[in-house]
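Per my numbering, the very first residue in the sequence shown carries number 259; after that it's consecutive.
If you're looking for bench data, these hints aren't it; they were derived computationally from the structure.
We put the beta carbon where it would ideally sit given N, CA and C, even for glycine.
Any given hint might turn out to be false.
Between beta-carbon pairs, the in silico distance windows are [to be verified]:
id, residue 1, residue 2, range
1, Glu-403, Lys-428, 36 to 42 Å
2, Ala-276, Gln-327, 19 to 25 Å
3, Gly-307, Lys-448, 32 to 38 Å
4, Ala-270, Arg-326, 42 to 48 Å
5, Gly-427, Asp-309, 46 to 52 Å
6, Ile-271, Gly-307, 21 to 27 Å
7, Asp-309, Leu-433, 57 to 63 Å
8, Asn-325, Ala-289, 24 to 30 Å
9, Lys-428, His-306, 21 to 27 Å
10, Gly-427, Asn-354, 57 to 63 Å
11, Arg-328, Thr-351, 45 to 51 Å
12, Leu-433, Glu-321, 27 to 33 Å
Heads up, simulated DSS-like pairs for lysine-lysine below, C-alpha to C-alpha not over 25 Å straight-line [unchecked claim]:
id, residue 1, residue 2
13, Lys-442, Lys-407
14, Lys-324, Lys-287
15, Lys-404, Lys-444
16, Lys-409, Lys-432
17, Lys-407, Lys-352
18, Lys-274, Lys-286
19, Lys-444, Lys-428
20, Lys-442, Lys-409
21, Lys-448, Lys-428
22, Lys-404, Lys-334
23, Lys-409, Lys-352
24, Lys-432, Lys-444
25, Lys-407, Lys-395
26, Lys-404, Lys-352
27, Lys-428, Lys-442
28, Lys-444, Lys-407
29, Lys-407, Lys-428
30, Lys-442, Lys-432
31, Lys-287, Lys-274
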Amino acid sequence: MGKKNGTYRYSAISIKHAIAVRFRSFSKKMAQSHSECLESIMDFFEWHGLDPNKKFGKSIIQEILKNRQRTETSIKRNEATIAIIRDIEINQTKPNNAMLLALFGEDAKTKKPIRKEKKQLDKKIDAAAEIELTVPKIRYERLTEKLEKVKQDYSHVLDRVELVKGSFGKAFFKLDLSPSELEKFKRTLKNNA
């Protein structure tokens, strides 16, 4: 759109009346003028390499896949550069820094870390942990009984497992339990949880 002395040059295009009405309502939603709307539509198709005569399904999917591949390669490149920088830091910077400190009289290895005072909260947490470690005898006995019951149930289930070797494919395990037994085990596990 060439601008001459503050005015635009216009050109007329002949289109069907129904399409012109539809375009006017569309351009009111999209842009300030019909020219801007038409220009943005053309830019969209040119920038994305889309052909309005073809179906969008395949071309949009191809664009998405291209963008995904580009992002994956850029992520891999970023990870590679991070690895290189870490390697440089470990193998080059730290030894050089230690040599400079030794050169200027500061011994990096003999330097002791600064000790910090422990807060009173640590003592309270330790005391609470000691209290939780003691378990009443009755509770201990009940827990051991539950453990024995669970062991018996698991041994019963494991006794019912058989190895089945088929003529095709991999071998697999078969569990020979009735539905009522299985429901019983599920209930006991749910109740114990």
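Handout entry: Hints violated by the structure (listed by number, smallest first)
Key = 2, 3, 9, 11, 12, 14, 17, 19, 21, 22, 23, 26, 27, 29
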